[in-house]
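Novice: Here are the chains, one letter per residue:
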Amino acid sequence: MAMSKRILKETERLNAEPVPGISATAHEDNLRYFDVIIAGPSQSPFEGGVFRLELFLPEEYPMTPPKVRFLTKIYHPNIDKLGRICLDILKDKWSPALQIRTVLLSVQALLSSPNPDDPLANDVAQHWKENENDAIETAKLWTKNYAK
Amino acid sequence: MPSHLWPLADILGPEVEVPILQHLYNITGGNINTAINRFYEGDINVPPHPVPSTPSNMAPSSVQTTTSISSVRHGQSTVGVPANGSTRAATSIKRKASDNFFPKYIGELTVTGYALAAMVKVSVGDPIRIERARPQSSSSGRSKKSGGGQSKENNVVRFTNKDGYEIGRLPVDVARWVSKLMDFELAQFRGTIIYAPSILKTGTEVIFTMRCYLTAKAFLSLDKSNLSQVKQQQGVIMGRDSVETAEELSLKNRKFAVNTMFRDLALKPSATNATVGPREHDNDLLAEAEPGSPSSSSPSVAKQDGQEGSKDGGEEEEEKQVSDSELDVLYEKAQQHGREFAPIEPPSTMTYTLKPYQKQALAWMIYKEQLERTSDDHLTLHPLWEQYDFPLEEDHEVHSDDPRRFYLNPYSSEMSLEFPTSAQACRGGILADEMGLGKTIEILSLIHANRLDNAALDPPEEAFSKLSTSVRATTATTTTTTFRPSKTTLIVCPMSLISQWRDEAVRSSDGSLKIEVYYGNSRDLSDVELTRPSAPDILITSYGTIMSEYCRLAGLDPEGSNNNNNNKSIVSTLQGIRTQADYRRGSALFNVDFYRVVLDEAHQIKSRLTKTSKACYAINGVRRWVVTGTPIQNKLEDLFSLVHFMRAEPWSNFSFWRTFITIPFESKDKDKALKVVTSVLEPLVLRRTKTTKDENGDPIIMLPEKSIEIEYLDFSEQENDIYQALFKDGKTKFSHYCAAGTVLKNYASIFQLLMRPQANGQQQQQGGGGLGLKDGPVNLEELMAKFSASEDQPGSNFGASVIQNLIQSSDEVPECPICFEDMADGVLMPCMHRGCRSCVLDYLQRRDDAGEQGDCPICRQGPITEADLMEYTTTTTKPIPSSSERSTIQGDNILDMSTSTRGGGDGGEGSSGSNSNNNSNGSSSRTVQIRRNIFKSSAKLDALMRHLQRQRQEDPQTKSVVFSQFTGMLDLAAAILDRDGFEHVRLDGSLSQANREKCLEQFRDPDHPARVMLISLRAGGVGLNLTAANRVFMLDPWWNYAIESQAIDRVHRIGQQRPVVVKRFIVRNTVEEKILVIQNRKNAIASTLGMTKAESQGARMEDLQDIFS
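Chains as they are written, first to last, in my numbering: chain A, 1 to 148; chain B, 149 to 1257.
It cannot be assumed that every hint is accurate.
Partial chain A-side listing against chain B, Cβ under 10 Å, derived [unchecked claim]:
(1) L8
(2) P58
(3) P62
(4) P66
(5) L90
(6) S95
(7) L98
(8) K140
(9) K144
The hints are simulated quantities; they were obtained by calculation from the structure and are not laboratory data.
All residues carry an ideal CB built from backbone N, CA and C; glycine is no exception.
Take these sequences, add in the hints, and give me the full structure.
Specialist: Right, here's the structure in full:
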């Protein structure tokens, strides 16, 4: 299992040089399963929130992308009710040169810049397009209510 | 014709002339019975003597059978036998036998015949005559049903009343041998009815006693009856393939008939050779001679002759194998030998110092050569012969001076009235020390120690007289009398070893030995020179040379199709040539009596039917040595050929060998056969292995350690696809053969099928297209130029810096961005990003599977295909010896970056520090080579290169030998070695002798840059000394591990100073893994003694089915 060496190395490096605002902790009984916490980026509707995610590295990682899902409810056009994330690098734009670190950074960036033109949660995206301010308010409210 | 002659004429046939009939009538007083007997006894040639008691000339008369009996002696046993033995029989008959001696009664038996004629009156006590239904007679059609499987053979024998009227026929089992004896005119039969119904009906039984009489002809030496005919027919024989077969068949028939008669008459020998003991194997002997027995248990001339050239094919190899554990048993005794001899120092003319066990070998060999004929040999019965007493015939007086005894050689069915004396003891033996123990040196020490006195050359009579005392014609002694003795030791070895022998011989000698090579163009030696005192002491030649000279001498086309003339005809041809005194055209090799003949790697002649083997048999010399590490390669019969070459009676008689060894081994009695072989080997063989202990219990030789590791590899997906396709193809063909039930016949072609996937696992297409760069080495300057020319293009700076990095980076290995491992086998993408080869290829493959174009996983620049990848190698070379060499070798295409670093280093940002560091170091310089990825990945070659690279880092002086059975594989390996700057040499079957030598020399030369030798398993498995290397790579497994092991021992042999590391590459989930299993099972199964042939055939099927399962 050559690839497990990569996973160990990644985990090690995430611990040694953590990304600001992100923490990823591997389960002790399953080194492919990570508990992830992302702080809502400042100047975003999610500021102040603490979002919990789960990240799983499939057998073929890094040839296939990790599976990432929000556990905390979030009001975001690219994230649906089940926490699934619409992000190209988690799908067809995955490259084995990407890592857990880069994936989580991308997710953090997605929080800063929602993209309603490529929606996953259609109703949220609709809301965002029609009345962005109102939608941002809702997002802030959800953040306050759920992302503690 | 007078009417009183009619009955005679009816019986004897119309071709017998009236005067003869009349004469017969006269001398027998009208008794038809006697007349016919006289006729068949051949008396009728002497009509001037009307008295019946004067027959003396036993020469066969006009009634000579049409069947050729010219080969009544077995072909294999007659190498070089001249005709002189025959006078013995003729004279002895004259001298000893009284006039009426023949036909001589030897016994009677009771026969139940069946009547065919009705209404013929017979009564008890009537004499009956036994006569042959001639082949041309009308009975041939009817005889079919009696012949069973041999419907073509006419075995019909009828018995008639005294008036010549047919009463009936002999039962088939009796008729089978009686008919043959009558055809050969070896015996006559007379019967007396003891029971018959008063009136015969067709099919009723008639019981009678049948007395058997041997004719004078039975006691003629086979040689005589043959040779005259052979000589007459020479022209014909040479041209026709079938003649030999017919002769061998005829011999077989004779043997069968004679031996069956002896059995049916319950004749028991009154004495046998003490060492051989009484024969218990009547049935084996008969089985061997049984007409129409399956070809596998006959000398199988017809079968093997046709495929003589291809005898080495895998098909035969598998048959009748001797397992390793059986070999251990065989060799066990032979290993005891050396210890019994006190070591003998070689004479001072030998410059080498011998190891103690080598001195023991010398002692043993000197002892073997000194074995002289002991005086009581004359009193000992020849081991092949048995003594019989003539039984007394009722109502028959015995002359006091008639011989009372006679002698039978059941293996040739020869009979003699004279005592056959024991053969001369074999002077020589089999030196079978394991490879690497220094057999060459041992033989050389013998040559130094035991030389022929020059004085003995001048009056050759002395040598002759000793030899000519041997009365009985034995193969060994009599041939030598025709040739002039030489002081030369002839060494025959494979072509590839000629130079090794010559060098060793020269090095071993203080100059007192004259050494010459007889090969290729340097063949200007005449036989006369060889017999002079100035003759070379050692003459080295190759098997090929003697084979071609032999064929030339015998008028054979060495390559031609008429290859089934056996020794007999060739020998007689040789003699024919000699009698013409045509010595000049003849080969020097076959016209002298060498002092000593040595066959090196003598398993070359393991098949007794090849022309090479026959040529070796025909070389003359009393001291005959066989040198081989593996006297038995596969079959016990391998050993026969060696024994036959040595002329070690009685085992050199093929029939004898078959009876006692081959047949028991193949059938039921494996243990017994092994026991017999052990007793054959014991006095003949000296064998020590690397593990043999000396008398103090210490190993006789200390070799450095040898470790053999199997390295399992995985095919890449693409390799696997190709492999599977080929494998399927092979499988289809296999099922086809299975269905047709011809699998075993097609064993060889199935081998080929199997080899294909194995070989093709490697042979993938070359990459094409790409970046506009040519295949092969990439010009680094061009690449740099490309980057610098397009400053604005993103990544170009990066590209330049990557190359800088490659050059300057310390020994620290970068990490692959995909697997995070050290990048052992990195590739460059066109964007100059790097990754492990396997990671990048895996990624590209996945993109491809997903239907997308490949790109760089790091910068997504694309599209990239596998062919666009570049390989790079960085080499840290010590400044001495080869760096200058290398730059010249590399030529233009590859930039030696160690120089351009200094130039380009000025412009490099911030890296100059480390650069100068590097330079100031001074001890090493860095070379970077970048090449296009010529090959798609190949698991084995990757692994090979990985090892070689590491080795080069660790110890650049280490030399490696790479074995493969596929020259195609070697081609690929050569290309990849070229690519990565490994100087190498290559040795395969296509090299001429000169080139081989050059190649071996280069590899041994420590100053030559070549560190790797590519060598084909077949060409290099034998004999070579490759101790310059201490790393071995086996790229593919061979069926029989022994072959691989032998190859490995080219490196792990005497002279090896360092530990030897062997890697065997096996690709998982392929044929190769299964071959490993078979290799193991082979040993396991064959160790179970007593496995029958059918079982072992079953095992072969199982092998194949396993592979295609």
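Novice: Taking the closest Cβ pair, is L8(A) under 10 Å from chain B?
Specialist: holds (9 Å)
Novice: Would the stated hint for K144(A) survive a check requiring a Cβ distance to chain B of less than 10 Å?
Specialist: K144(A) check fails; min Cβ-Cβ to chain B is 39 Å, beyond 10 Å.
Novice: Minimum Cβ distance from K140(A) to chain B below 10 Å?
Specialist: violated (36 Å)
Novice: Verify the interface restraint on L90(A): the C-beta must sit less than 10 Å from at least one C-beta of chain B.
Specialist: violated (15 Å)
Novice: Would the hint on P62(A) stand, with a C-beta cut-off of 10 Å toward chain B?
Specialist: holds (6 Å)
Novice: Taking the closest Cβ pair, is P66(A) under 10 Å from chain B?
Specialist: It is violated, given that the least Cβ distance between P66(A) and chain B is near 14 Å, above 10 Å.
Novice: At a threshold of 10 Å, is the proposed contact between P58(A) and chain B supported by beta-carbon distances?
Specialist: violated (13 Å)
Novice: Can L98(A) be said to touch chain B, with a Cβ gap under 10 Å?
Specialist: holds (8 Å)
Novice: Holds or violated: is there a CB of chain B closer than 10 Å to the CB of S95(A)?
Specialist: Nearest chain B Cβ about 4 Å off; hint holds.
Comparing the model with each numbered hint stated earlier shows that hints 2, 4, 5, 8 and 9 do not hold.
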